[in-house]
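Asks: Please build the complex by placing chain W on the supplied structure of chain U, with the hints as guidance.
There are 2 protein chains.
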Amino acid sequence: MQSFEIDKTDLLRVETALQGNDADLESVLQEYHASEIALLFERLPQEARERIINILPTDIASEVISEMHEEQDPGELLIGLDPEKRSEIIEELDYDDATDIISQLDEEDQKEVLEDLDQEDAASIRALMLYPEDTAGGLMNSDLVKVNIRLDKKDALDEIIRQSEEMEEFNAIYVVDDDNTLQGVLSIKALLKAKAEAHVSDLVNTDFVFVKADLDQEDVADLISQYNLTAIPVVDGQMKLLGRITVDDIIDVMEEESTEDILKISGVSEDEELSGNWKDAVKSRLPWLVINLGTAYLAASVIRHFDSTVQELPILAAYMTIIAGMGGNAATQALAVTVRRISLNDLTDKQAYNTVIKEFLVGLINGAANGIIVFFIALFYDTDPMLGLVLFLAMTGNLIVAGLTGASIPLVLKRVGIDPAVASSIIITTFTDCAGFLLPLWFGSKLLLDAHHHVLHLH
Amino acid sequence: MQSFEIDKTDLLRVETALQGNDADLESVLQEYHASEIALLFERLPQEARERIINILPTDIASEVISEMHEEQDPGELLIGLDPEKRSEIIEELDYDDATDIISQLDEEDQKEVLEDLDQEDAASIRALMLYPEDTAGGLMNSDLVKVNIRLDKKDALDEIIRQSEEMEEFNAIYVVDDDNTLQGVLSIKALLKAKAEAHVSDLVNTDFVFVKADLDQEDVADLISQYNLTAIPVVDGQMKLLGRITVDDIIDVMEEESTEDILKISGVSEDEELSGNWKDAVKSRLPWLVINLGTAYLAASVIRHFDSTVQELPILAAYMTIIAGMGGNAATQALAVTVRRISLNDLTDKQAYNTVIKEFLVGLINGAANGIIVFFIALFYDTDPMLGLVLFLAMTGNLIVAGLTGASIPLVLKRVGIDPAVASSIIITTFTDCAGFLLPLWFGSKLLLDAHHHVLHLH
Numbered sequence: 048m049q050s051f052e053i054d055k056t057d058l059l060r061v062e063t064a065l066q067g068n069d070a071d072l073e074s075v076l077q078e079y080h081a082s083e084i085a086l087l088f089e090r091l092p093q094e095a096r097e098r099i100i101n102i103l104p105t106d107i108a109s110e111v112i113s114e115m116h117e118e119q120d121p122g123e124l125l126i127g128l129d130p131e132k133r134s135e136i137i138e139e140l141d142y143d144d145a146t147d148i149i150s151q152l153d154e155e156d157q158k159e160v161l162e163d164l165d166q167e168d169a170a171s172i173r174a175l176m177l178y179p180e181d182t183a184g185g186l187m188n189s190d191l192v193k194v195n196i197r198l199d200k201k202d203a204l205d206e207i208i209r210q211s212e213e214m215e216e217f218n219a220i221y222v223v224d225d226d227n228t229l230q231g232v233l234s235i236k237a238l239l240k241a242k243a244e245a246h247v248s249d250l251v252n253t254d255f256v257f258v259k260a261d262l263d264q265e266d267v268a269d270l271i272s273q274y275n276l277t278a279i280p281v282v283d284g285q286m287k288l289l290g291r292i293t294v295d296d297i298i299d300v301m302e303e304e305s306t307e308d309i310l311k312i313s314g315v316s317e318d319e320e321l322s323g324n325w326k327d328a329v330k331s332r333l334p335w336l337v338i339n340l341g342t343a344y345l346a347a348s349v350i351r352h353f354d355s356t357v358q359e360l361p362i363l364a365a366y367m368t369i370i371a372g373m374g375g376n377a378a379t380q381a382l383a384v385t386v387r388r389i390s391l392n393d394l395t396d397k398q399a400y401n402t403v404i405k406e407f408l409v410g411l412i413n414g415a416a417n418g419i420i421v422f423f424i425a426l427f428y429d430t431d432p433m434l435g436l437v438l439f440l441a442m443t444g445n446l447i448v449a450g451l452t453g454a455s456i457p458l459v460l461k462r463v464g465i466d467p468a469v470a471s472s473i474i475i476t477t478f479t480d481c482a483g484f485l486l487p488l489w490f491g492s493k494l495l496l497d498a499h500h501h502v503l504h505l506h
Numbered sequence: 048m049q050s051f052e053i054d055k056t057d058l059l060r061v062e063t064a065l066q067g068n069d070a071d072l073e074s075v076l077q078e079y080h081a082s083e084i085a086l087l088f089e090r091l092p093q094e095a096r097e098r099i100i101n102i103l104p105t106d107i108a109s110e111v112i113s114e115m116h117e118e119q120d121p122g123e124l125l126i127g128l129d130p131e132k133r134s135e136i137i138e139e140l141d142y143d144d145a146t147d148i149i150s151q152l153d154e155e156d157q158k159e160v161l162e163d164l165d166q167e168d169a170a171s172i173r174a175l176m177l178y179p180e181d182t183a184g185g186l187m188n189s190d191l192v193k194v195n196i197r198l199d200k201k202d203a204l205d206e207i208i209r210q211s212e213e214m215e216e217f218n219a220i221y222v223v224d225d226d227n228t229l230q231g232v233l234s235i236k237a238l239l240k241a242k243a244e245a246h247v248s249d250l251v252n253t254d255f256v257f258v259k260a261d262l263d264q265e266d267v268a269d270l271i272s273q274y275n276l277t278a279i280p281v282v283d284g285q286m287k288l289l290g291r292i293t294v295d296d297i298i299d300v301m302e303e304e305s306t307e308d309i310l311k312i313s314g315v316s317e318d319e320e321l322s323g324n325w326k327d328a329v330k331s332r333l334p335w336l337v338i339n340l341g342t343a344y345l346a347a348s349v350i351r352h353f354d355s356t357v358q359e360l361p362i363l364a365a366y367m368t369i370i371a372g373m374g375g376n377a378a379t380q381a382l383a384v385t386v387r388r389i390s391l392n393d394l395t396d397k398q399a400y401n402t403v404i405k406e407f408l409v410g411l412i413n414g415a416a417n418g419i420i421v422f423f424i425a426l427f428y429d430t431d432p433m434l435g436l437v438l439f440l441a442m443t444g445n446l447i448v449a450g451l452t453g454a455s456i457p458l459v460l461k462r463v464g465i466d467p468a469v470a471s472s473i474i475i476t477t478f479t480d481c482a483g484f485l486l487p488l489w490f491g492s493k494l495l496l497d498a499h500h501h502v503l504h505l506h
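In order, the protein sequence lines correspond to chains U and W. Residues in the first sequence are numbered consecutively from 48, following our numbering. Residues in the second sequence are numbered consecutively from 48, following our numbering.
Keep in mind that a hint or two might mislead.
Chain copies aren't distinguished; within one or between two, either way the pair holds.
Dumping the calculated BS3-like pairs for lysine-lysine here, alpha-carbon to alpha-carbon at most 30 Å [what the hints assert, rightly or not]:
1) K200 - K311
2) K461 - K55
3) K201 - K236
4) K132 - K330
It is worth saying that the hints were derived from the structure and are not from the lab.
Okay, chain U solo, but in the shape it has when bound (with noise of 0.2 Å):
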């Protein structure tokens, strides 16, 4: 099976089969994958939805509702279901799913989907409701294979065997003593070996990557990443093993922690959901829209001053746009890479240091090619090597500051402890705006009226 999304065929289908009868449309379902069907739902009207969940097998149902995104509900899908088939697809959930899902239910729900679960599972998913989101504690599953380090080879593959029978796969084996605190890691390719009379003591691997379940999700993201595993037990302040966090949980944590620089460095709020709707969109991004109104009055304040200049030279104000505008460019970009590099790695102070050199020099370099360009078209097309003068002068300049903020501003407030990705292009143009209208119009003022009250001396 190869299949890569959903197309209009597969939709026309299972939409077909929905107006037929339950036995067609089981069979037409029995050909999809479970995140197929969860890409489907979103699709699909809430009705419809809840008639599949219903005819699928409790496992495939099960399996859907973890594929399905969170902004689809998941939640209110299983609320819409009978009480005893909701229970048998809760139970069927890994703990950390059905804990993300139950805890964006009200709190009524919430009660009511736990009383009816089976008393072991519902103590375990609200022991897991107890921690953030997105700590350690809040991605892991209390799924997990361990074994007592005093196990011979013969009941440890036993009690393997029997612990994986209610799990899809395991990727590590964990070791405890008699107190559940965690010893190390038993690979399965090493119980396999070893000779019938070898101890897991023996066997037991105790150079091994733990967390602790307070740990925030974005650092656990970079443990996994760095040490290429496919899974790390989460421990308690004791050294007691709660459970593990599998590198399918991280893969979210990191395609969700990628949007929020894009979105944050963007001057959207981190809470916008990519899919949300109008009215969230609005508050995620006018406060920002407000404070860069803030900041362009700021800007606009310099121009102002120079209302003289720009009503005998209107020229200024068509081209201090155009310096400024390059600026705010040339800040994205500076600012982009920074942000983006010290997102995926910490940098050291000399490396700090290097990246603002390098960033002025990009500047002084895309400043001075650019300024060439306005000069020469200052001076063919309007004819004003000065005017060519004033503008190279400036584009320089604005260039220079774009650089120097884009790069230090994201690298100073990491120092703070402040998230460089709200160093947004909105805070970073400020600075471009106020050096893109400023520059032209000074070096404009000082250079080319004193040069035409000179020429009107003349006259």
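Replies: Chain W in isolation, oriented as in the chain U frame:
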């Protein structure tokens, strides 16, 4: 062991140890994980790196090499080593990592390195070098565990243990026929649980996901993320098993793709290395800035058209920069949300339509909200309600332009097969700049100049 990053103490310890003899250095190095040593390498000179690689046991040295970032040039480090040590290290590497490193060398070095290797290893690496780096074939590893479908439980287990000897850990067991045609996957759990007389053919799972060698790496990442896989098998056109891709390689791909999104949307070429030098940065960014210079002249020509308006009302020269700047920021917001959304999920026609409608609404509301603020500032500060009306209309109009272009341009580009991130803020802000200058100047020339003339006539 729990360690998140290398701090200055670690660096100091290793630097001190580097001044001592090999035995002392070796004992200090023993306390670090290979990926930590790779991090330390970022701050150590080439000479020190070579000495450390020579001291480390081959398996650790090879892990350090594979953990080094491409930009740290692990190939150069290998070239500096004694040929025998170098071949030992390369033979210890996964084939895909060895291929990536050797591909970076110049042709002569490649030839020398490959000739020193064991013939079989050299042949495998040469075969992998034929696949482009950004396809499934370029990502895959030929180290894997596979069993013939005709084997019985005992032989299969023996085979798995034998093959996994050279691997750190296997994520999946692939089942092939006598012609190496992929038949399915085998779960170790199913094999362990099976009765002694069971055959692989009874246990094989034939409902599995695979990819062809020429599939783009971005599609491979989507599949692994969608189906929550830890590894995926790679086949040729005849379903022959070529290799497998593991999730840790995909994590790197996902980080790369997110970085590209952020850079492109900010007008930085995707080829720019985050830690590249100033020359690369100029090469990557200058072309975009020159394009922007052209579009900025276009926008400025709008202003030149209203020279007389600007001369009579220089205040508009200041205020138009506010309208244009606000439009640019609102467009960047809409663009970031839309590009990221397209990047994570394809949108249906209906979703695309809804996105444009949503961004129109957001533009209208955010535009009106900011328009009211500028209206009151004009009313109380400039005591000119007509100026306030001009600015209100221009702000609302430009933020609608921002929403419409920020959402629709990337969607249209995606439809015609162009990467939507190329609709960078640099392109989109051309529209908001033109509209941002045109709207206040045009409304101003109609509503303000006529009114002023009217006042003059009354005198």
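Asks: Tell me, in ascending order, the numbers of any earlier hints that this structure violates.
Replies: 1 and 4
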